[in-house]
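Novice: Okay, here's what each chain looks like letter by letter:
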Amino acid sequence: MATAVIDEKENKALWAGDAEPLKASYGKLMMWFFLLSDALSFSGLLITYGFSRFSHETYHGLIENFKASVAYWPVPEKVFTHIPFFHINAPLVFVGLMTFILILSSVTMVLAVEAGHRNDKKDVQKWMLWTILGGIAFLSCQAWEWTIFIQGTTEGMTVTDADGTIRHIFGANLIENEYGPRLFADLFFFITGFHGTHVLSGVIINILVFYNVSYGTYERIGSYEMVEKVGLYWHFVDLVWVFVFTFYYLV
Amino acid sequence: MGHASHSTGHSSEVQPRDPAKVKQILMVTLYLGVLTAIEFVLAFTMERGILLTTIFVLMTLVKTFYIVGEFMHLKYEVKILKWAIILPVMFILWLILSQLMEANAVFISRFEIFG
Chain A
885 MATAVIDEKE NKALWAGDAE PLKASYGKLM MWFFLLSDAL SFSGLLITYG
935 FSRFSHETYH GLIENFKASV AYWPVPEKVF THIPFFHINA PLVFVGLMTF
985 ILILSSVTMV LAVEAGHRND KKDVQKWMLW TILGGIAFLS CQAWEWTIFI
1035 QGTTEGMTVT DADGTIRHIF GANLIENEYG PRLFADLFFF ITGFHGTHVL
1085 SGVIINILVF YNVSYGTYER IGSYEMVEKV GLYWHFVDLV WVFVFTFYYL
1135 V
Chain B
4 MGHASHSTGH SSEVQPRDPA KVKQILMVTL YLGVLTAIEF VLAFTMERGI
54 LLTTIFVLMT LVKTFYIVGE FMHLKYEVKI LKWAIILPVM FILWLILSQL
104 MEANAVFISR FEIFG
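Residue numbers (our numbering), protein chains in the order written: chain A, 885 to 1135; chain B, 4 to 118.
No wet-lab data here; the hints were simulated from the structure. Because the structure is a prediction, the values reported are computed rather than measured. Some hints could be false.
[Said to hold, decoys possible] Using C-beta positions, here's what the derived DEER-type ranges look like: (1) G36/B x A955/A: 33 to 39 angstroms; (2) P91/B x G911/A: 18 to 24 angstroms; (3) D21/B x G1077/A: 37 to 43 angstroms; (4) Y79/B x I1059/A: 46 to 52 angstroms; (5) R113/B x S1085/A: 36 to 42 angstroms.
[Said to hold, decoys possible] Some chain B residues well away from chain A (every beta-carbon gap over 10 angstroms; in silico): (6) K78; (7) E115; (8) I116.
Where is the CB? At the ideal position from N, CA and C, for every residue including glycine.
Make the full structure from the sequences, and use the hints.
Specialist: In structure tokens form, the structure reads like this:
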């Protein structure tokens, strides 16, 4: 009976404030809950994508014979076929490279956190620098991808208006695009843009933390937990990309 | 791999790298890479349909478990924190599934009404 009373007292003390009931610091907890809320935002966007995608007609022919049309959702591996400098047909190669870059930058982030646990300032600097470079590389790739998408191909697409006029369009904007239905381009810009903004803010925050690491702030206070918190954000950004990549480019 | 730190006041000693931990990180990286590679191969060889979509979703979920569990360290956190994250995510997954079903219904209705 005595042990039960003591446990209850301990329990009350644990939840009474100024303790860490979830064994994680306030900052880390709040980062987790922020990520949860951000996950809901991205889920909203991805659900919109899924909804739009499956409420449009799917292309049912052979992939080799695919021709862009407003009538059906395009096959992504026929749309995203370009790589820089080479004029060859390389379906989804570039986006695969982008995924690889982002996952690698996530790995270097984990290594930075691990170095932080060991109070190894030099290693934290090294790995954070690699993470920042990975983020900048990803953003550059995304910028190139947008440029190619907006410019369009040399073939373009023939569009017939409601009043009968026939036009030939190239590239993409928020009104019409040469790849398929309007929503295809709209959602491409919106989802990858939203994600890209998160990567950009992540890179900026990483640079700030890198500066603090180099300046010795975390060495002084004796904990590299900030690196861990920022790492959580970076992994979340990577995770969202995995989802976007799977649902937009593969499905 | 350890560096001797010049102790200034209350800064702690730099500990050497733990090879087991690094190996764990690299193994998870390998799993993620292999899963992504398989996804790519399937995308190019299999026909688009419900089966392929299901396979992609399942593989993405496996990748999620690795990234959230290992990279974000959630596997090693207190049970209540784990569930505080996992439970809402399960609800989100149902939301996604239900809306895909709704989209299908909209598509069928569009076809029936407008031809």
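Novice: Run every hint past the structure and note whether it holds.
Specialist: Hints versus structure:
1. G36/B x A955/A: 33 to 39 angstroms: Since G36/B and A955/A have Cβ atoms about 38 angstroms apart, the given range 33 to 39 angstroms holds.
2. P91/B x G911/A: 18 to 24 angstroms: Given about 20 angstroms between the Cβ atoms, the range holds.
3. D21/B x G1077/A: 37 to 43 angstroms: At 40 angstroms between Cβs, range holds.
4. Y79/B x I1059/A: 46 to 52 angstroms: Hint holds: Cβ distance 49 angstroms, inside 46 to 52 angstroms.
5. R113/B x S1085/A: 36 to 42 angstroms: Holds, at about 38 angstroms.
6. K78: 13 angstroms, holds
7. E115: Check passes; 13 angstroms lies beyond 10 angstroms.
8. I116: 13 angstroms, holds
Comparing the model with each earlier hint shows no violations; every hint is respected.
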